[in-house]
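The hints should help you fit chain Z onto chain A, whose structure is shown.
Protein sequences, first through last, are from chains A and Z. The first sequence begins at 1 in the numbering used here and counts up by one. The second sequence begins at 1001 in the numbering used here and counts up by one.
What the hints contain is simulated information worked out from the structure, not anything from laboratory work. Do not take every clue at face value.
[What the hints assert, rightly or not] Beta-carbon label-pair distances, calculated as ranges: (1) A/Leu365 <-> Z/Lys1137: 17 to 23 Å; (2) Z/Ser1234 <-> A/Trp278: 46 to 52 Å; (3) Z/Ser1143 <-> A/Leu121: 32 to 38 Å; (4) A/Pro194 <-> Z/Val1064: 26 to 32 Å.
Backbone N, C-alpha and C define an ideal beta-carbon position, used for all residues, glycine too.
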Amino acid sequence: MSNTTFQTIQHSKQYNWLVKNLFSSWVNTLMTIIAAIFLYQVGTAFLDWAFFSADFKTNFQGDLITDRNLCSKNIAPGEYGACWAIIYARFDQFMYGLYPVEESWRVNLTYALLPFAIVGLLFDKLPFRKYFIYFTFIFPFIAYFMLYGGPGLSVVGTNKWGGLLVTLFLGVTGIGLAFPLSIALALGRRSQMPIIRSICVVFIEFIRGVPLITLLFTANVMLPLFLPDGVNPDNLLRALVAVTLFQSAYMAEAIRGGLQAIPRGQVEAAQSLGLSYWQTTRKIVLPQALKIAIPPIVNTCIGLFKDTSLVLIIGLFDLLGVGKAALADMSWTKLYYEVYVFIALVFFIFCFGMSRYSLYLEKKLKTDNS
Amino acid sequence: MSVEQVIQLEKVNKWYDDFHVLKDIDLVVDKGQKIVICGPSGSGKSTMIRCINRLEAHQEGKIVVHGTELTNDLKNIDLIRKNVGMVFQQFNLFPHLTVLENITLAPIWVKKLPKKEAEEIAMSYLEKVKIPEQAEKFPGQLSGGQQQRVAIARSLAMNPDIMLFDEPTSALDPEMIKEVLDVMIQLADEGMTMLVVTHEMGFAKTVADQMIFMDEGRIVEQATPEEFFDNPKSDRTKLFLSQILNH
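For reference, chain A alone in the conformation it holds in the complex (with noise of 0.2 Å):
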């Protein structure tokens, strides 16, 4: 019986929310309608382009398919459907580049280890947190010998990395290096010193003042100028060192935000028990400062990971480097929709997890002040 009740209740109550929400109004109604029309029509064509009449490995003849001309849609007439068999067929060098195949295991077990040295910054209560903290640290030393190789591994080049690995590279280790160089840059702009002050504020200025493509070929074409002779970073180098740079400038906006926000209340009760500039920075700043600086600093990081798509540019085989190379190969040439919607499907994962991560972290940085 009463079970019964329960249900008639809850079922009154989307109810509710249906009308409410919808259809509360006529203009309301009408617009419920027309979008629902438009999805209907939008989503309905999509997924019969990139499914139901999709080619996966095999055309509607039941052949494997391996150049262009054995998708469906370019022998019969009537077939329209995506041909997803270039992305089968360029799997390697979407997730690899040039990578040597016989070597790829190296690149897969560090995509495996990467969520474990994210994942103790990420949360903070995360049982063990101390441990996964400390391989934080021993990541970039491990990612190092495993892509590039070392004692036991033979040498892969940074010339032969491509694909979702440079992708990953640029945006992980750009992020990883800023991070510390925009806290020193928010803590500079903030100083009291004037000179120390005047740099940050220069180099931050004018590294947001600049778009990141005239970093990159800045970085590119002028950095070997004032490195001594015989020091020539590799091409893929030059671009971190871009990508960081102007990373950092950001995210030091955004922790100079979170910096605003601690009230002044906090640094004298620190200061007033005998700590000094850098212990109150360290232990009473910092910690709340970048609390609260969090979403500002996910969001630059997403700006980051997609803007890395701009090293095209100069000459790196980034994802999307790799697909318009795919797209030059004669034989799968002319199939645009499925590698762009591949590659935007690549990115939207990331940057999804992302955008996920920094609303999980408002909701828990409101109940935490509460």
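For chain Z alone, kept in the frame of chain A given last:
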């Protein structure tokens, strides 16, 4: 028997840009003395005690604490602050640390005490302010009165010779004022040197050796509580007292 002077202010002047906040302040505090400072808002009373641990810098005159003159030399300021505790109107507890961590922070990082010893000291002061059971909570989970008592314990844990109180009960609900004042009275009974900015005149009568009345950046009147309340000399003091005592 000579009395040790722990704080001396001589002709101290301070400006915020064009605004002259402190005008020729002269003050001597003996060891163990309790001084209550009152006056209308904007009279410079908070600024004066904030100059004593150099949260604010003065521009003219001389401030000597424990025989050390306060100058721009950074090292001696950290030394002074270790020995001068301060309690703020807004408590200023560290919200991201537990009560226990709030109190042990400075003993561990400034005095370099081992964590265990610092925690024992912290617990003894929490017992003194009568809230040892709150040690593992965060400041946001405590009432205002409890937070202020934690703030007092936090200052005491550094074992200071002088305690400065900047309107410690002004931000509290009326029913919580007493629990904080009781702790302060207990502290006074133990012989702590105290400078208290407050409008709690009952507390002043119980505890103060000296009353100071400030107005427009000057010390207008300084007297024993008996004289101050029964027979104030200046008209400004009389007006102020009549306003805060008869409402």
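Check: Regarding Z/Ser1143 and A/Leu121, is the given constraint of 32 to 38 Å on their beta-carbon distance met?
Finding: Between Z/Ser1143 and A/Leu121, where Cβ atoms are some 35 Å apart, the hint holds.
Next item on the list: For A/Pro194 and Z/Val1064, compare the CB-CB distance with the range 26 to 32 Å and indicate the outcome.
Entry: holds, 30 Å
Next item on the list: Return holds or violated for the Cβ distance of Z/Ser1234 and A/Trp278 against the range 46 to 52 Å.
Entry: Roughly 47 Å apart at Cβ, these two residues keep to the hinted range, so it holds.
Note to self: Please check whether A/Leu365 and Z/Lys1137 have a Cβ separation lying inside 17 to 23 Å.
What the structure shows: This hint holds: roughly 19 Å between Cβ atoms.
Hint compliance for this structure: every hint is met.
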